[in-house]
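Given the sequences, and given the hints that come with them, work out the whole structure.
So the protein sequences, as listed, match chains A and B. By the working numbering, the letter at position 30 of the first sequence is numbered 30, and the numbering carries on one by one without gaps. By the working numbering, the letter at position 143 of the second sequence is numbered 143, and the numbering carries on one by one without gaps.
Treat each hint with caution, since some may be false.
[To be verified] From the structure, some residues in chain A lie toward chain B, with a derived Cβ separation under 10 Å:
no., residue
1, T43
2, E177
3, V223
[As the list claims (entries may be wrong)] Below, simulated DMTMM-like cross-link-like pairs (lysine to aspartate or glutamate); rule was C-alpha separation at most 25 Å, straight line:
no., chain 1, residue 1, chain 2, residue 2
4, B, K58, B, E19
5, B, K197, A, D143
6, A, K39, B, E19
To be clear, the hints were calculated from the coordinates, so they are not data collected in a lab. The structure displayed is predicted, hence computed values, not measured ones. For each residue, glycine too, the CB sits at the ideal point set by N, CA and C.
There are 2 protein chains.
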Amino acid sequence: MSRSDGQAWEAASGYRKGEAARARILEAALSAFGANGFKGATTRQIAEEAGVNLPALKYYFGGKEGLYLACAEEIVERYRRQMLGPILEAQAGLEADGSPAQARASLKIVIAALADQMMESREAEAWTGFVLREMAEPGPAFDILYGQVWAPGLDLIAYLIGVARGEGVSRKAARIEALLLVSSLSAFSTARPMSLKYLAWPDAGGERFARVMRIVDERIDGVTGRS
Amino acid sequence: MSRSDGQAWEAASGYRKGEAARARILEAALSAFGANGFKGATTRQIAEEAGVNLPALKYYFGGKEGLYLACAEEIVERYRRQMLGPILEAQAGLEADGSPAQARASLKIVIAALADQMMESREAEAWTGFVLREMAEPGPAFDILYGQVWAPGLDLIAYLIGVARGEGVSRKAARIEALLLVSSLSAFSTARPMSLKYLAWPDAGGERFARVMRIVDERIDGVTGRS
DNA sequence: GTCTATAGTCGGATAGAC
DNA sequence: GTCTATCCGACTATAGAC
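Below is the structure:
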């Protein structure tokens, strides 16, 4: 990996400037790939936005595809950083009280955190775009994102749905419910431009976000079997 | 428009062969744009798949963007052709019996037809891909698709939700519910590759499609206020 | 390590023969 | 109307100076 090479020469020479350049390139790439996809984003645009010249991308990441994969790894870290708190909170609640009602509450915590990333957070916009695009059209980063982001997240949600509904739901059915629930959030991430126009909303933040989330919580009540 | 130009010389000369070439190009373009988007699709690839040479695209459609817009118009027609029956059925049911229960039944008919297009139909795969992509990243075809496909469809669904729930729901809330409901179907259209992997399903057709739809129908019961 | 300069490729568009 | 041949711009990648 180009990353460990970079660390190797840094350790040897004590050179530090490179790490800042590397971070800027990664940030610019995340933004560009998230907005335009692998093919749509150009290395020139990324280099310019990062304030480096073109060959720097090859130097640090081996090329366009290496940069794309590095973005995926960065996304996994950011996803974990953002979701770790809510996930631990949800798990702690369930360990203290394994009731269906608590599972429903934990589910709402997890979905709210996910929705916050997908719908509201401006900083998360780049990486959610990247992730959603890769799920629709599997590319070089599909496996890592599936294994590190989607599968664990969906497993947790499906598990919480199963507990909340009691024994009356099969494992597969809970997984389908989880997919439908998470996908419904795409109304305000992937499909946001259309949704905002349809609701005549300038954005989906603040009170508007809260309003959507109240409705999503009602849907969760429905999924988990409360009238 | 290049289209009316084409019709003009046909009417004058009685020449017919061109219309077949035009249709082949449109079909190939629909498939290519649906799979790869405007930038991702190449005119060379479209021309080759259609069995024509490159300048034919300019001749018939004025260029890449003209071809893209022609695809959008074609999609509107196909959407209407596919959805007209179910929409009329839903409206007829509601006119005969304006009860919440009937509205719920009509809603299930409309959603099932929509899901069939988005999830199961192989022929619809190209145009649903095109539509979903354009909604996420507004391009030249956004306005026509929004006005002719999304807005009318969502209006009908939001209206049916409102009737099914009685007077207890605001117009805006019904619209948000409609967006969330329709978006949940994207689990098996936009996000299909990931969903199929997660469920360990080879495809989402036949009995598997029916299984998902049974769960979607339960969600509709939840949205429309049945326990 | 970082840069300039350029090689090599590919895509959209079009001129002009027939 | 349909074709071949070609132009021009933009892209990725890389050689080589410092």
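Which of the listed hints are broken here? 1, 6
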